[in-house]
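Those sequence lines, one after another, are chains A and B. According to my numbering, the first sequence is numbered sequentially starting from 1. According to my numbering, the second sequence is numbered sequentially starting from 501.
Be a bit skeptical, because a hint or two may be false.
Some chain A residues flagged as far from chain B (calculated, every beta-carbon gap over 12 angstroms) [as the list claims (entries may be wrong)]: (1) ASN108; (2) HIS227; (3) GLY262.
Residues on chain A that point at chain B, a partial pick, calculated with CB under 8 angstroms [stated by the list, open to error]: (4) THR304; (5) PRO305; (6) ALA308; (7) LEU346; (8) SER400; (9) ILE475.
By construction, these hints were calculated from the structure, which means they are not laboratory data. Everything numeric in this text was worked out from a predicted model, so none of it was measured. Glycine included, each C-beta is placed from N, C-alpha and C at the ideal position.
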Amino acid sequence: MTVRLDRRGFLGGAVSLSAILSMPWTARAAQAIGFDEARHLLSRASFGATPAEIQSCAGLDYSEAVDRLLASPRREALTPAPRWVNEGLKAVREAQRDAVEKLRAAGNDKNQAAGIVRPIQEQGRELRNWWVEEMLVTDQPLVERMTLFWHNHFTSSLQKVRFAPALYFQNALFRREALGNFASLLKAVARDPAMLIYLDGVRSVARQPNENFGRELLELFTLGEGHYSEADIKAAARAFTGRSIDPATGSFAEHVQQHDGGEKTFLGQTGRFDGDDIIAILLRDPHTAETVVRKLWLEFVSLTPDPAEITRLAAVFRTGGYEIKPLMRAMFLLPAFRDPANRGGLIKSPVDLIVGTVRLLGLPVPEKTGLVRMLQGLGQVPFDPPNVKGWAGGESWISSYTLLLRQQFLRRMIEATTVSSMGGGNAMMQQMPPEQRPVEGRSLRDAGGEAKLGPTLSGVDPTALLRTLLPRAPIDGVEVAAPPGAVVAQALLDSAYQLK
Amino acid sequence: MDRRCFLLGAGAVSVALASRAAFADQASPPRVMLLVELKGGNDGMNTLVPYADAAYRELRPSIGVARDKVIQLDERVGLNQKLEPLMESWKARDFAIVQGVGYPYPNRSHFRSIEIWDTASASNQTLSEGWVARAFKGSTLGKGAGVDSIVIDTNALPVTGPELRTIVMQDAENFLRAAQGMKDTGGVPDGGNPALRRLLGVRHEVNAAAAGLRERLQDGPAPAYAYQDPVFGRQLDLATRIVMARVPVVAIKVALGGFDTHANQVPTQERLLGVLAAELAVLRRNLIAADQWKNVTVLTYSEFGRRARQNASGGTDHGTAAPHFVMGGRVKGGLHAAYPSLADLQDGDMRYSVDFRTVFSTLAQGSWGVRNDFGVRQPQRLDLLA
């Protein structure tokens, strides 16, 4: 059975939050996990778990709850694809050239320039918005979390690729295999057009192999630093020569005559290897699974990976044929994951914070550009990782700058009013009829028991609200005698809200 | 490139500047580097104009700076006349221009190239720490005001790293107000949770910086001369106040944007150079009046210069080497290093004569007494500081 939850559950539910929390935890299963552990599981496996989501989990046995999260992963996005995803590379590049030329002709004439849209930038903007939309509306946040994880593992950026359709299809690949099979994913990534452009595979030919993909394949995607030599990189680069893209469509193309079919020695083995042979060798090496499991640990479990557990999980992962779902199941069942001391042991990423808060509050945000700008300010723009290593994450999410900026964004979400104004003025938004404008201007602080937070909040025990919003006791102290809206506001601004 | 060619313009090069341990003596405040990022890639050829070179006219038929609009500095090069406000500094010999600053295997992506500059990396190397932070690796900074560097811009990369406590702010008032919303936690235990430890640590940093700044800036002296530009001028106004209040920071960063002039370049670049020169001239006057000019070194930089040949739209595309400015009370004014030859372009771009990392390491040693060659082989020192 798949869990399908209304993301407005926080607002609209018929069941009052108090009733949820006062329900005996043992009512529905012999070993029901209860509210706090359900919250912990969902805070790691989704974005901003609503009380309704937590409640639907709280009555289950723990492994039952984990199995339900993993039961039948969505393999395609709910949000309809942007209209341009089937445009070819040549067409987009030509349209871009035209637009750039028109812009040059317009020179400093702002009126004339205003109507000219550069397709590469515009499609990039729409693509980022599209994914943020999907993260907000999905009924399976874990699938989006995993998609984001693979995006950060097999990085490609719009900045370099400059062809949004390829990034769209790469994202679809990550979603399809989000909880699928790592071996299939790796093979597909090595033929993925966005990756071929991003790491210069398109330029890699027998006569002149480009080592960029080979190097990152070994260093970042599989073995990790220290487990290969420069000669292995060169051999891998030769093996992948000939993989390219069709210049008209931008789809994958194999140029047999550009492939170096000669003998290669790779990680101590010699043969006339092609790319798939190299990947097969890498998948037999235990370091590959260890690299992936370690990264998953840092993303889902804690900031202090346990080497013994990683080796154990990696061995199971590899011998089990690189199935991702059982690996994730094993990770969620780890004692280190379930340890109550581990609650609040990770720092929310910008996506966690922004997408999670919007989901949690049920803020209607028809135009996502403002949210993407916030993500940019906080250092995590989807489809634009800072470099091939991806976002460093963990402790590095928080600096004096981003911490103050996080508070500022949360304050805006609380106090106001319109999400559009957060990004600093959007002309389109001003022209919308009022009923379509995002979030009417009621401050959460004054919302009391009505309006945005809905009837579910009225009369709710403030400590129950805190247990929903925070993974641990508040750091700054929360005035629990305040109206529910004000309690929520204080909780969001408490530093503990930065943790998950 | 001949590694020695930058000696030609530089005159004497003192390879071993006496290591002045600026921080051994805690009583004297550190020298402040004021970093001025010119965002978008400033066109160096129309900034410091090789007016006497016939090739310049040929490369820049319609956007070249006319000879009578060049302020001649010597028989070969001169400043764009929009930079006239800087002539006071030039005549006082505290304005140095380092010619042909660049790096090998230049990258022409804005994003990537500024990252190379900010981290003082090689072209094929990705580093995550900024060059100022790297310069202080292994040395101890005084813990004076709870903050070591202040970024009045959005890009903090040059001063990002564990060695420096860096604060990013658009203006002091907002920062202090925002910091007030996050009071010190009064010793909340982290319970061995590294995420919480980090959060509390950063909160402490913010609070320490705010405390250090609040008391110094609150009743601090105001600059004697007013800045004009609403953005760049405001940034320099705050920078001036920080220096005048003797907040012991090692770096302050500001930025002026809009230099990516692919089309119809002349009016845009002239406006920007005008703002840059006018406001830097005000800065100099303010710091001289406050007797702080001797403690400050201003450095301009940009991700790249622009192509030698203008394009078909009256603009220029992304290029390589460019001249950069160094100003300050201890700066040895004049032209340094050699102007890249317009007769010897590489794929239409100028060859650099000074690696930017050499400029950085020279200034780091001269201002802060710290040594780091940033991986440049055969490190040299430019004779930029007295």
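Checked hints:
1. ASN108: At about 6 angstroms from chain B, A:ASN108 fails to clear the 12 angstroms cut-off, so the statement is violated.
2. HIS227: Per Cβ check, A:HIS227 is outside 12 angstroms of chain B; nearest 20 angstroms; holds.
3. GLY262: Since the minimum Cβ distance to chain B is about 26 angstroms, A:GLY262 lies beyond 12 angstroms and the statement holds.
4. THR304: holds, 6 angstroms
5. PRO305: violated, 11 angstroms
6. ALA308: Cβ of A:ALA308 sits 19 angstroms from chain B, so the hint is violated.
7. LEU346: holds, 6 angstroms
8. SER400: This hint holds: A:SER400 lies near chain B, its Cβ roughly 5 angstroms from the closest one there, short of 8 angstroms.
9. ILE475: holds, 5 angstroms
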